[in-house]
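Novice: Here is what each chain is made of, one letter per residue.
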Amino acid sequence: MATLIEDDVRTRAVVRPPGEAPRKRRRRLQTESSKPAGVGTYIAVIIAVGLFGVPFVWILLASIASPTQFSQGAEGLLDVSWDFSNYIEAVTRINFGAYTMNSIILSTISAVLSTATSALVGFAFARLRGKGQNFLFLIVVATMMIPSIVLLIPTYILFSRMGLVGTYWPWVLWGLAGLPYLIFLFRQFFTAIPLELEDAAIIDGCGWWRIFFTIFLPLAKPVILTSLLLSFTWTWGDYLAPALLLNYDNTTLAVATASGYLDPRGNGLPTIQAAGAVLYLLPVVIIFLFAQKQFMGSSVSSGVKG
Amino acid sequence: MTSTTLTPVAAAGDTRGRGWRRYRSRTFYLFASPWIVGFVLLTLAPITYAFVVSLTNFDGVSPIWRFIGFRNYVEIITSDPGAWASLIRTIVFTLIVVPLSVAGGLALALLVNRRIRARGVVRAIFFVPSVVPVVAVAIMWRLIFNRDAGLLNLIIGWFGADKVTWLADPYAFYALIIMTLWGLGGGMIISLAALQDVPVELEEAARIDGAGNWRVIRHITIPMISPVLYFQVITGIISTLQMLVQPLLLAETSSIAASSNVPQSSTLFMVEVYNEFFYNQRFGYGSAMLWIFFVFILLLTLGLQRLSKRFVFYQVAAGGDD
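Each protein sequence line maps, in turn, to chains A and B. At position 254 of the first sequence (counting the first as 1) the number is 254 in our numbering, and the numbers step up by one without a gap. In short: position in the second sequence from 1, add 1000, done, that's our numbering.
Pulled out of the complex, with its shape left as it was, chain A reads as follows (with noise of 0.2 Å):
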């Protein structure tokens, strides 16, 4: 468990180019402190450690915990008795696999479409010229930074318009256009790979159209993967814009999880939501776990290249 995470978190996958050499790594052990850590780090990350991992510990008591033990209070909930009961109920009280499969289905199409887009797109920027093409990318720049969530109600009232509230297309249209950060990660990524390789292909006769499929693409294995991740994850995470789009029975897990575990008379049931959450966090941990380095390495990404 030791390297959860790599040590060096500048040494992502994610962003760098095949022909681009890994940092070295003597490097990195110069700019460690040098001591050994003392009583006092060990005591700031033991409490750090605490206050971040405590609504982990929490919401795990909670899901373990009968109805009379949360009623009792904290305290009951300090002396929990294993029971697995709320996790039952947290399936079958609502329509838990299907709203499983809506989120599942959802963060796929965004995942593909968008990934496949931002790639197409990213390579336009990377590697193609036009008229206005430093415009567009200023463009793509600032629509990261641009208040997403204000546009959001807008949309809402223009879909709504268009007969799209309760369909699933809103997000194919997401999708299809690309999201600005990941065409942002591509463009990264396909602007380092050296002219030689593309100067072959052209050689050979080859048209863009098959340059990007057949040579861009395959090398951008990486981040295609760092895409679809972080893209799902998004997707599977969003709370707002399945609220405001989808009906009840076609919304995802995160509308149902949210505002779904009520008693008839609309009391919230918080030991059955708290089982409910956590199966619902679940696939997003996992996957974190699996895949640190492409979460962490855009996180950084998107911070150095500010």
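These are calculated hints, taken from the structure and not from any lab test. Predicted model, so just to flag it, every value in this text is computed and none were measured. Among the hints, a few may not be true.
To be clear about the criterion: a stretch of chain A counts as covered by chain B if any three or more of its residues have a C-beta under 8 Å from a C-beta of chain B, and this derived list gives those stretches [what the hints assert, rightly or not]:
#	segment
1	52–58
2	215–224
Simulated coverage check for chain A against chain B, where a stretch passes if three residues somewhere in it have a Cβ under 8 Å from a Cβ of chain B [claimed, not checked]:
#	segment
3	79–90
4	97–108
5	153–165
6	171–185
7	270–276
8	290–297
C-beta atoms are modelled at their ideal positions from N, C-alpha and C, and glycine is treated no differently.
With chain A's structure known, arrange chain B on it following the hints.
Specialist: Coordinates of chain B only, in the frame set by chain A:
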């Protein structure tokens, strides 16, 4: 953004004047067309539409509406104390959350950049909260903030304090701050990567000159990574100002129709806008609020961009990339 960003490829591609040309605008536009069309239809169209709606008294349902000019804007600015209060609240919230999360992220980064045991696990624990979906985050924190079964009241009870209803006024504001700060691990990773790029020679030279830990951090480390910190401040401000989902989900009963249940102290500006749209059914008025906010954020971003030249140290030609 000048053309220099694209020179490596452009330099080789100019074989103009003969029959064959490497680059044709047409090809570029063909490849970029999905995004261009998408930008026009899914970004420009909604924002333009919102502007048109903001000049009307449209209520979202009734087909009878008319243009009323800038009356919505005038009303917001001159006689809507709720909008002003929520805007000020949002600014205060941002001024608290952004510095704390950037500083906290930096502190954690400094911590996990040292040689400690199980460093990878520790980093993961700090980082994971920033990838947990917002719905799960809100459910977790509602359990912590729960009046009777919540951990926080249990802990403050140990110190003899009375129970606090965290998710109601006036404490909901602080609850929202705490929940937001929990996600600062994303910034930690960005700062950590920047820390690992600081040349160790500088820090060593300072130490030889007799600088202690704190002075090295203050005078060497922070200036060296200031572009990255600054980037976090800008993106942090933009995303915090438009926070909407977190207060909605943290409110006691959180179904989508219950937006008006958000306690006043955590009614940020976007929550106010949301209420105008979906609770008061004033689409025209809400759209005007959106536009005012949009312009506000745009101007703020430009202003911050200017300001950056004075505070941020940009290393000249450091690495090979970009």
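Novice: Determine for every hint whether it applies to the structure shown.
Specialist: Checked hints:
1. With a cut-off of 8 Å between beta carbons, the segment 52–58 of chain A has 6 residues touching chain B; three or more are needed, and the interface restraint holds.
2. Given a C-beta distance limit of less than 8 Å, the hint that chain B covers the segment 215–224 of chain A is violated, as 0 residues qualify and 3 are needed.
3. For the segment 79–90 of chain A, the stated coverage by chain B is violated: 0 residues have a C-beta nearer than 8 Å to a C-beta of that chain, whereas at least 3 were required.
4. Evaluation of the coverage hint for the segment 97–108 of chain A: breached, as 0 residues show C-beta separations to chain B shorter than 8 Å, against a requirement of three.
5. Here the segment 153–165 of chain A counts 5 residues with a CB under 8 Å from a CB of chain B, which clears the bar of 3, and the coverage holds.
6. With a threshold of 8 Å between beta carbons, the proposed coverage of the segment 171–185 of chain A by chain B holds, since 6 of its residues qualify and at least three are required.
7. Coverage of the segment 270–276 of chain A by chain B holds. Counting CB-CB distances below 8 Å, 3 residues qualify, and the rule asks for three or more.
8. With 3 residues having a Cβ less than 8 Å from any Cβ of chain B, the segment 290–297 of chain A passes the three-residue criterion, so the hint holds.
The structure fails to meet hints 2, 3, 4 from the earlier list, while all remaining hints are met.
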